[in-house]
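Enquirer: Residue strings, one per chain:
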Amino acid sequence: MSAVAASAAIPVSRARRRKRIRGSSIAILVFLTMCAAFVSLPLYVVIVTSFKTMEQIALGEVFALPTEWTIEPWRMAWSEVCAGMTCEGVSHGFWVSMKILFPSLLLSIGISAVTGYALALWKIRWAGTFLFVLFLCAFVPFQIIMIPLVLLISSLGIFGTIWAVAIVHSILAMPLLTLIFRNFYKDVPEEIINAAIMDCGSFWRIFFEIILPMSANIMIVVLILMITTVWNDYLIGLIFGGVGTQPMTVILANTVITSFGVVKYNVDMAAALLTAIPPLIVYFALGKFFVQGITAGAIKG
Amino acid sequence: MPHVEFHNIVKRFGRVTVLEDLNLRVEDGEFLVLLGPSGCGKTTLLNMLAGLQEVTEGSIVIGGRDVTDLDPKDRGLAMVFQSYALYPTKTVRGNLKFGLSAQKLDRSEIERRVQWAAKLLQIDRLLDRKPAQLSGGQRQRVAIGRALVKNVDVFLFDEPLSNLDAKLRTEMRLEIKRLHQELAKTIVFVTHDQVEAMTMATRIAVMDAGVIQQIATPDEIYERPANLFVARFIGSPAMNTLKTTAVRKNGCIGAVHAPTGVHMDLSAYPFLAQPRDGDPLVIGLRPEHFTIGCDARGDVGARFSLPVRYTEKNGSDVTAFVDSADGELIAVRFDHKHHHVPKTGDVVEIHFPKDRFDVFDAVSEKRI
Amino acid sequence: MSVRWNWVSPRIALIPALAITAIAFFGAIIWTVWISFTRSRRFPDYAIDLADWTRQYERLFGDNAWQTALQNVFVLALGSALAIVFGFILAAMIEREKRGEGFFRTLFLYPLAVSFIVTGLVWRWMFNPDLGVQNFLRGLGWEGASFNWLADSHTAMYGIILASIWHGLGFYMALMLAGLKSINTEIWSAARLDGVSFWRLYIEIIIPMLKFTFLTCAILLSLGVVKTYDIVLAMTGGGPGTSTWTPAYFVVNSYAARGNIGFASSAAVMMLVMTAVLFLPLVLVTAWQARRREAMVQ
Numbered sequence: 001m002s003a004v005a006a007s008a009a010i011p012v013s014r015a016r017r018r019k020r021i022r023g024s025s026i027a028i029l030v031f032l033t034m035c036a037a038f039v040s041l042p043l044y045v046v047i048v049t050s051f052k053t054m055e056q057i058a059l060g061e062v063f064a065l066p067t068e069w070t071i072e073p074w075r076m077a078w079s080e081v082c083a084g085m086t087c088e089g090v091s092h093g094f095w096v097s098m099k100i101l102f103p104s105l106l107l108s109i110g111i112s113a114v115t116g117y118a119l120a121l122w123k124i125r126w127a128g129t130f131l132f133v134l135f136l137c138a139f140v141p142f143q144i145i146m147i148p149l150v151l152l153i154s155s156l157g158i159f160g161t162i163w164a165v166a167i168v169h170s171i172l173a174m175p176l177l178t179l180i181f182r183n184f185y186k187d188v189p190e191e192i193i194n195a196a197i198m199d200c201g202s203f204w205r206i207f208f209e210i211i212l213p214m215s216a217n218i219m220i221v222v223l224i225l226m227i228t229t230v231w232n233d234y235l236i237g238l239i240f241g242g243v244g245t246q247p248m249t250v251i252l253a254n255t256v257i258t259s260f261g262v263v264k265y266n267v268d269m270a271a272a273l274l275t276a277i278p279p280l281i282v283y284f285a286l287g288k289f290f291v292q293g294i295t296a297g298a299i300k301g
Numbered sequence: 001m002p003h004v005e006f007h008n009i010v011k012r013f014g015r016v017t018v019l020e021d022l023n024l025r026v027e028d029g030e031f032l033v034l035l036g037p038s039g040c041g042k043t044t045l046l047n048m049l050a051g052l053q054e055v056t057e058g059s060i061v062i063g064g065r066d067v068t069d070l071d072p073k074d075r076g077l078a079m080v081f082q083s084y085a086l087y088p089t090k091t092v093r094g095n096l097k098f099g100l101s102a103q104k105l106d107r108s109e110i111e112r113r114v115q116w117a118a119k120l121l122q123i124d125r126l127l128d129r130k131p132a133q134l135s136g137g138q139r140q141r142v143a144i145g146r147a148l149v150k151n152v153d154v155f156l157f158d159e160p161l162s163n164l165d166a167k168l169r170t171e172m173r174l175e176i177k178r179l180h181q182e183l184a185k186t187i188v189f190v191t192h193d194q195v196e197a198m199t200m201a202t203r204i205a206v207m208d209a210g211v212i213q214q215i216a217t218p219d220e221i222y223e224r225p226a227n228l229f230v231a232r233f234i235g236s237p238a239m240n241t242l243k244t245t246a247v248r249k250n251g252c253i254g255a256v257h258a259p260t261g262v263h264m265d266l267s268a269y270p271f272l273a274q275p276r277d278g279d280p281l282v283i284g285l286r287p288e289h290f291t292i293g294c295d296a297r298g299d300v301g302a303r304f305s306l307p308v309r310y311t312e313k314n315g316s317d318v319t320a321f322v323d324s325a326d327g328e329l330i331a332v333r334f335d336h337k338h339h340h341v342p343k344t345g346d347v348v349e350i351h352f353p354k355d356r357f358d359v360f361d362a363v364s365e366k367r368i
Numbered sequence: 001m002s003v004r005w006n007w008v009s010p011r012i013a014l015i016p017a018l019a020i021t022a023i024a025f026f027g028a029i030i031w032t033v034w035i036s037f038t039r040s041r042r043f044p045d046y047a048i049d050l051a052d053w054t055r056q057y058e059r060l061f062g063d064n065a066w067q068t069a070l071q072n073v074f075v076l077a078l079g080s081a082l083a084i085v086f087g088f089i090l091a092a093m094i095e096r097e098k099r100g101e102g103f104f105r106t107l108f109l110y111p112l113a114v115s116f117i118v119t120g121l122v123w124r125w126m127f128n129p130d131l132g133v134q135n136f137l138r139g140l141g142w143e144g145a146s147f148n149w150l151a152d153s154h155t156a157m158y159g160i161i162l163a164s165i166w167h168g169l170g171f172y173m174a175l176m177l178a179g180l181k182s183i184n185t186e187i188w189s190a191a192r193l194d195g196v197s198f199w200r201l202y203i204e205i206i207i208p209m210l211k212f213t214f215l216t217c218a219i220l221l222s223l224g225v226v227k228t229y230d231i232v233l234a235m236t237g238g239g240p241g242t243s244t245w246t247p248a249y250f251v252v253n254s255y256a257a258r259g260n261i262g263f264a265s266s267a268a269v270m271m272l273v274m275t276a277v278l279f280l281p282l283v284l285v286t287a288w289q290a291r292r293r294e295a296m297v298q
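So the sequences go chain by chain: A, B and C. Numbering (the working numbering) for the first sequence: 1 to 301. Numbering (the working numbering) for the second sequence: 1 to 368. Numbering (the working numbering) for the third sequence: 1 to 298.
Simulated from the structure, these hints should not be mistaken for lab results. Just so you know, even glycine gets a beta-carbon here, dropped at the ideal spot from N, CA and C. One thing to keep in mind: the hints can contain errors.
Listed below are the simulated DSSO-like cross-link pairs for lysine-lysine, each with C-alpha atoms no more than 27 Å apart in a straight line [said to hold, decoys possible]:
1. B:K313 <-> B:K167
2. B:K177 <-> B:K104
3. C:K227 <-> C:K181
4. C:K98 <-> B:K73
5. B:K104 <-> B:K73
6. B:K73 <-> C:K227
7. B:K90 <-> C:K181
8. B:K104 <-> B:K119
9. B:K97 <-> C:K181
10. C:K181 <-> A:K288
11. B:K90 <-> C:K211
12. B:K90 <-> B:K130
13. B:K177 <-> B:K97
14. B:K97 <-> B:K243
15. C:K227 <-> B:K97
16. C:K98 <-> A:K186
17. B:K130 <-> C:K98
18. C:K98 <-> A:K288
19. C:K211 <-> A:K288
20. B:K354 <-> B:K366
21. B:K313 <-> B:K366
22. C:K227 <-> C:K211
23. B:K130 <-> B:K167
24. B:K73 <-> B:K177
25. B:K119 <-> B:K130
26. B:K130 <-> C:K227
If you want the footprint, here are the derived chain C segments under chain B, 3+ residues with CB under 8 Å [said to hold, decoys possible]:
27. 185-199
28. 202-209
Make a model of the complete structure from these sequences and hints.
Expert: In structure tokens, the structure reads:
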């Protein structure tokens, strides 16, 4: 009955409001719309400007639509614009970011899922302590371990490569992802594991044949969290990436901040949009999981 | 004191119609229980009375006043929720007082009411605790207390006992009944538990699929269910219902159960409408009215000889499930002190008294 | 004797995570703390001069840019706290007015998917006097409009705050909305039946019920503020002068631009101290909440 009452509650309030729209409702909607305008205006301006010609931009009407739509800025941003000394557009950075993304995802999710599984479902002494330590590590600011990591990565001889960036991403993400996986796996009934052990399942077979197929939801959440984190990162790419292995954000910052001569705003904005589009696609395609991802990432523990 | 009336209530959620043209009158001082399975619309009906949900069509009248479009707070009623809905950040006293905040009362009056309700419910020693520090039963009392202090004439209860364990539930049942007798207020109580309904109500409205199937006193509902739904819903174990065919012989009406070939003598049944020969009938047999073996008393209306499939012992009595030959089981309940308990596979002879049949039309499913 | 693989395997599986924790986190933190007490400059020098082991910290606290960075952390934390306040207001409104919930939630949250670098650049353009809002407002006839905040060292920080709010608003709204939705619907019904006024309901019941959500938001916000780096770089590059430096910016700058490992380490250690101070209440609250949950179950 309670389920019925709960599911009934939502459509009811709609029927109720269709009948009489109150003043307070209108005030709320007006306020929400204003806030929505504040949130969406910058994106609007950037999109609109990226399609304008420099002549129109010089007129200064930021909110006006382009009088003459042009994709020339996008083409230049993708393949011609100069970042510092090199002039090959942000496309190079795009591919570097892609190449960083995949090993980062594989490494971080692989380690974290197995660790979370072991901690959640196999009786291991000190598991609680280790989880608490991971909880602490998840909040350590990157700057405090940045310099020793540089030395460590250098001593491995991979400093300045894509692998360096991917490994540092995986290290930094490991504590949080492990906590997320562990929290997901701890709700798996113990009986399942016991039954699997009785059926002669080994640690790895149970993981690959039973646990992993159950993890689709949490995998999507974690994937989204990691894709946005890795793609949007700047500092790790800046410090650990070398010439030719810097990710898109670094290329973008170099393009916009250290540009010489006349600033081509339309090209800059197209470059910024090109950098922002991949995570935005992920966001708009998988919004529900995205919210879960960031709240899981935020809360804990 | 006010009575509550529902006139031609229609409730739709989008295209789904939950209640269709429902009429109901709750008398002054009555303890009316809305009883029905999940999704029958009973909670929706209660929420509409409270003003928490809007009616699509129709009107609700409390004490002669049309409250259909009034805010919940202006309807002059109080409600006890299933989850109690206590304000977790307030003490018990704060919870009792908070409900009064909208009514402009002076301090001493508020204090007087809080003390009165607390004493009545024996929660006066808990007044400074937070809800989290209370047991389930205590929370339940606070929830009732919060309704009581509002000093209204109509109380609504939305499955308030479903979160309690069996023992507490029995206790609170008595407690709520006592309150009803002491305060003599109108109570509308929603539940899916027939025991609650049978023990507390002055009248029960049995609902199914948005329709009130029967509204009557608990005895009436039990003794003379208006249709097959009510017959099967009330009683535990549920009433046995056998598909039969009416037989008129020498002016006497009987019914034949084809799979067993048993003839039932319906001559003592007070028919509302006489069936014709060959009409399909459904005969209801309450498990507790059977007698077993040579124990038959009074006029036997039907005599079965059937094998036992399994038995269930329940302290003082035993329920045997016998095979009615068409794949369905007939539950038979008897007192096991006076009988040996039959074993699975035993063929037992069971009798059903002539004056205890319930007869329904197989097509309309209504009592005839 | 046979090996009990079901005993051994889980422990082997933990090795990578343990190694990362021990080396990349604990080892690295200890290394940084150690180095911060040495005279290291461009290259690590592991000898601690016991007579003068606080030299890096003395220099640090004597450094004007560090002072500015510390002040900025506070300004930024206080300013960005508006994101929590507005996040709550938005969540409460969305929760109350169910219409358009999906639309508004999606819209308020999208900035979170945008990197700090892009956020910073976008707002840099919005504040650009020739290009952005100022020019637009002047074009409308408001000649005195001044939105060139980033060029002035007194107002540049507010520009960064605005951009941070834009970026984080939806996040706090989502957390608050989750908190509001976790409140038993019957509480709202009970309040309606009691005729409790809107303000009393929120101030006396709802906000106290969400106090842990608020606290969590506040701590997450402060931890984020301590780490603020990318958005400053993209918007102002730390300028004008050093007016928008933050501790994180300071550390990266000391290391990458000045090439002074010892000095950067001491600033990084101070960041760790700040994080720990902010973090402690979160640990306590989490532990307390877990205990309370257990108590509720009993």
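Enquirer: Give a verdict on every hint.
Expert: Hint-by-hint comparison with the structure:
no.	hint	result
1	B:K313 <-> B:K167	holds (21 Å)
2	B:K177 <-> B:K104	violated (31 Å)
3	C:K227 <-> C:K181	violated (30 Å)
4	C:K98 <-> B:K73	holds (22 Å)
5	B:K104 <-> B:K73	holds (13 Å)
6	B:K73 <-> C:K227	violated (50 Å)
7	B:K90 <-> C:K181	holds (20 Å)
8	B:K104 <-> B:K119	holds (23 Å)
9	B:K97 <-> C:K181	holds (25 Å)
10	C:K181 <-> A:K288	holds (15 Å)
11	B:K90 <-> C:K211	holds (14 Å)
12	B:K90 <-> B:K130	holds (6 Å)
13	B:K177 <-> B:K97	holds (24 Å)
14	B:K97 <-> B:K243	violated (58 Å)
15	C:K227 <-> B:K97	violated (47 Å)
16	C:K98 <-> A:K186	violated (34 Å)
17	B:K130 <-> C:K98	violated (31 Å)
18	C:K98 <-> A:K288	holds (17 Å)
19	C:K211 <-> A:K288	holds (25 Å)
20	B:K354 <-> B:K366	holds (20 Å)
21	B:K313 <-> B:K366	violated (33 Å)
22	C:K227 <-> C:K211	holds (25 Å)
23	B:K130 <-> B:K167	holds (24 Å)
24	B:K73 <-> B:K177	holds (25 Å)
25	B:K119 <-> B:K130	holds (18 Å)
26	B:K130 <-> C:K227	violated (40 Å)
27	185-199	holds (count 10)
28	202-209	holds (count 4)
When the structure is compared with the earlier hints, violations turn up for hints 2, 3, 6, 14, 15, 16, 17, 21, 26 and for no others.
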